[in-house]
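Per numbering that gives the first Met the number 0, numbering of the sequence shown is gapless, rising by one per residue and ending at 711.
If you are wondering where the hints come from, they were derived from the structure by calculation, not from laboratory data.
Just to be clear, a hint being listed does not mean it is correct.
[Claimed, not checked] Okay, derived cross-link-like pairs now, DSBU-like style, lysine-lysine, Cα gap no bigger than 30 angstroms in a straight line:
no.: 1; residue 1: Lys614; residue 2: Lys695
no.: 2; residue 1: Lys33; residue 2: Lys72
no.: 3; residue 1: Lys90; residue 2: Lys28
no.: 4; residue 1: Lys525; residue 2: Lys642
no.: 5; residue 1: Lys120; residue 2: Lys226
no.: 6; residue 1: Lys286; residue 2: Lys340
no.: 7; residue 1: Lys382; residue 2: Lys90
no.: 8; residue 1: Lys72; residue 2: Lys398
no.: 9; residue 1: Lys282; residue 2: Lys335
no.: 10; residue 1: Lys406; residue 2: Lys335
no.: 11; residue 1: Lys382; residue 2: Lys413
no.: 12; residue 1: Lys609; residue 2: Lys675
no.: 13; residue 1: Lys286; residue 2: Lys243
no.: 14; residue 1: Lys303; residue 2: Lys243
no.: 15; residue 1: Lys609; residue 2: Lys28
no.: 16; residue 1: Lys642; residue 2: Lys671
no.: 17; residue 1: Lys664; residue 2: Lys609
[As the list claims (entries may be wrong)] Ranges between beta-carbon positions, derived for each pair:
no.: 18; residue 1: Asp383; residue 2: Gln540; range: 31 to 37 angstroms
no.: 19; residue 1: Glu259; residue 2: Leu416; range: 54 to 60 angstroms
no.: 20; residue 1: Pro596; residue 2: Phe637; range: 35 to 41 angstroms
Being a predicted model, the structure only gives us computed values, none of them experimental.
Cβ coordinates follow ideal geometry from the N, Cα and C atoms, glycine included.
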Amino acid sequence: MLQDEILIYLENQTAFFNFDDVSENFSAKDISQKFRIKRNTASHHLNQLVEEGKAIKINTRPVYFLHKRAFEKQFFPVDRTNFTSIASLKKLQPVFEQKRDIFSLLIGSDGSLRRNIEQLKTAAFYPGGGLPVLITGSSGTGKSYLVQLLYQYCLDQELIEEDAPFITFNCAQYANNPELLTSNLFGHIKGSFTGADSDKAGAFENADGGMLFLDEVHRLNAEGQEKLFTYLDQKVIYRIGESKSERKVDVRLAFATTEEIVTNLLTTFLRRIPIQVELPDLKDRTKQEREELVYSFFIQESRKIQRKLQVSSQVLTILKNSQLSGNIGELKNDVKYASAKAFARQHDQESIAITIYDLPQELLQYQGAQEKINREKTIVITKDTDLAQLVLEKRASQKRIYSTYEKLLLIFEKIQLRTLAESSGIEKMNQEVERLFDYLFFDAEREDGQQLLVYITNHVREIFAQIEGFYQIRFNGNSVYAMSFYLFQRGSLRWSTDDQHIQNLIQDLGVFLEEKYTWFYRYSEKIVEMISQKLDIEFFQMDIVIFTLYLNSLGVQLETNYPRAVIIAHGYSTASSIANVANRLLAENIFEPFDMPLDVTPKEISSEIKTYIKKNNVSNGLLILVDMGSLKDIYQYFNEELKVPIGIINNVSTQMALSVGETLKSEKELDKILKKSMTDSKTEFKVIYPNVHKEKAILTTCLTGIGTAYQI
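Let the sequences and hints guide you as you build the complete structure.
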């Protein structure tokens, strides 16, 4: 059909679309010439594709048409199909551009597979032809697919030529025939063995300049592994029958195995493979990744059978929660089976409904299927469905958070460019954050995760209590719940940008808020640090930005209005001992100790104090109790622009600490605290001399002998 042919042509051309130099290939005139049809006929078909949501129309002169799905895959999602200009289309480009390398297409590339991908990139870029890679993991975890992506990545990064070969060699086929293995791997010369009628190149030579993938490498016997040593060490091979004529080949090597490597591969062989990547089983992947895998397989099936799929909530829940021994491979087959069975029943229907009756029966026996099965909503998938858009649609809250990040950066950029007043910009940023939290509180769906929300809230409450004790502050009562809702809805949302301008903008916004709202920024940093240790969430700079703006809008209340106090003393635990006793007797954590080595200088001590000032609220002043005379001179190293008063007391003792602590609790002016403490802790002395006298004794004598004296 002509219209389908035009759509395919548009798809191919859209891959080469350039915003700054739009080709005439996208115009109705050019397309009509390409297909040798009248221009109005071409326009008719193109406009019909736009109405069906398959093409994008840009109403310039000339009018341009793009393949919608191909454009979104190459650039970014669009919310409509008609645009007045190239600029109006480009306006939809998100602030945060996702990483576009081939690995970003891999589900879990920013999650459970992140470290694996970092390892593969390390291997790819290593000078001299890269490093050999060994990929381990259970059957069906995607080892072969990952190697194919590594090869494509090397092509994209121009690490190998565009026509570089990719050769797969399955070692299992030759497990019982080492001679045949050697021949197929390294080649042979004519007459080297019976049947060698001519010279033959092996897999190594065939892969020269590209990549050689040895699958099931554990099936190589010791001799086979040893024959790889020469190449790994010297980058040369010998064909069978050649003993002196070495052949130099340039091959990137990748190995894969399902077996435990220590017992199945020679230690000397393993030592020559510095990059070893272990892929997780399906059950160890995150819930979000399992969900995305299910969606992606159904999208593939929709394109295969060219029908719309309606997948029931029960099917989605069972598939993503089932513990499959065959991992991703088995999950893909189960989706294919269910789609095929449903299609067989409804092959005359435009929309295919997939229900639990289409699933393999054994799948219903898995433990995952015993959970509540109505947590999902039925989803509709077509051949044009985009996985990224589907995931965002399923996670409206994450999309809203993502949008807020963008809006905050756009507002801040206007402040930087001075097209928006700072005060107005800050007000707008606060309004955006308030709208976000209002949405998360009142509009976002959360009925499907109450247990998780309770779990997060309990941890956040505990963390806030610790921070309140540490900083001697009191958060607004809504803070715990607000942060908990944000973390719950944000989930495992991850984003990144390769755009240096955006990276700088994020960094500058953080610095701006740190200077503007120093303490709220400090509190936010501490919250993020402690939550990271408790919950399985990776934080970004924008999270600290959100928290800072929100806490600033709520404000905090100081629990005490008296100055902070620290004790500095030389020795292993001198300051700690004094502070511990004083705090216990005062029934309050007033003093923070700094134990200093004997050889520390006053300048180094002042540096510690300045760090303490930066991390703690000392707006009411700071008292420093020091032990030796030299420490009283540390004030000369403080910055002249210091904005808080500091009092320094020399010759600290437990009695002095108690006196200062008692005075602190009833007095807030530094000079009065110092004077009263000095009065209360005056040094007294008394000399005690020993008494000079003889010890008392009883002298006994007896004329009759020692017996009587002994008795006395």
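Results of checking the hints against the structure:
1. Lys614 with Lys695: Status violated; Cα separation ~66 angstroms.
2. Lys33 with Lys72: Satisfied, since the Cα-Cα distance of roughly 25 angstroms is no more than 30 angstroms.
3. Lys90 with Lys28: 27 angstroms, holds
4. Lys525 with Lys642: With a Cα-Cα distance of about 23 angstroms, the restraint between lysine 525 and lysine 642 holds, given a limit of 30 angstroms.
5. Lys120 with Lys226: Holds, at about 27 angstroms.
6. Lys286 with Lys340: 26 angstroms, holds
7. Lys382 with Lys90: Roughly 27 angstroms separates the two Cα atoms, so the pair holds.
8. Lys72 with Lys398: 18 angstroms, holds
9. Lys282 with Lys335: Holds, at about 20 angstroms.
10. Lys406 with Lys335: 41 angstroms, violated
11. Lys382 with Lys413: 41 angstroms, violated
12. Lys609 with Lys675: 26 angstroms, holds
13. Lys286 with Lys243: The hint is violated at about 56 angstroms.
14. Lys303 with Lys243: Roughly 53 angstroms separates the two Cα atoms, so the pair is violated.
15. Lys609 with Lys28: 71 angstroms, violated
16. Lys642 with Lys671: 19 angstroms, holds
17. Lys664 with Lys609: 24 angstroms, holds
18. Asp383 with Gln540: 31 to 37 angstroms: For aspartate 383 and glutamine 540 the Cβ distance comes to about 35 angstroms; the hint holds.
19. Glu259 with Leu416: 54 to 60 angstroms: Roughly 59 angstroms apart at Cβ, these two residues keep to the hinted range, so it holds.
20. Pro596 with Phe637: 35 to 41 angstroms: Hint violated: Cβ distance 21 angstroms, outside 35 to 41 angstroms.
In this structure, the earlier hints numbered 1, 10, 11, 13, 14, 15 and 20 are contradicted, and the remaining ones agree with it.
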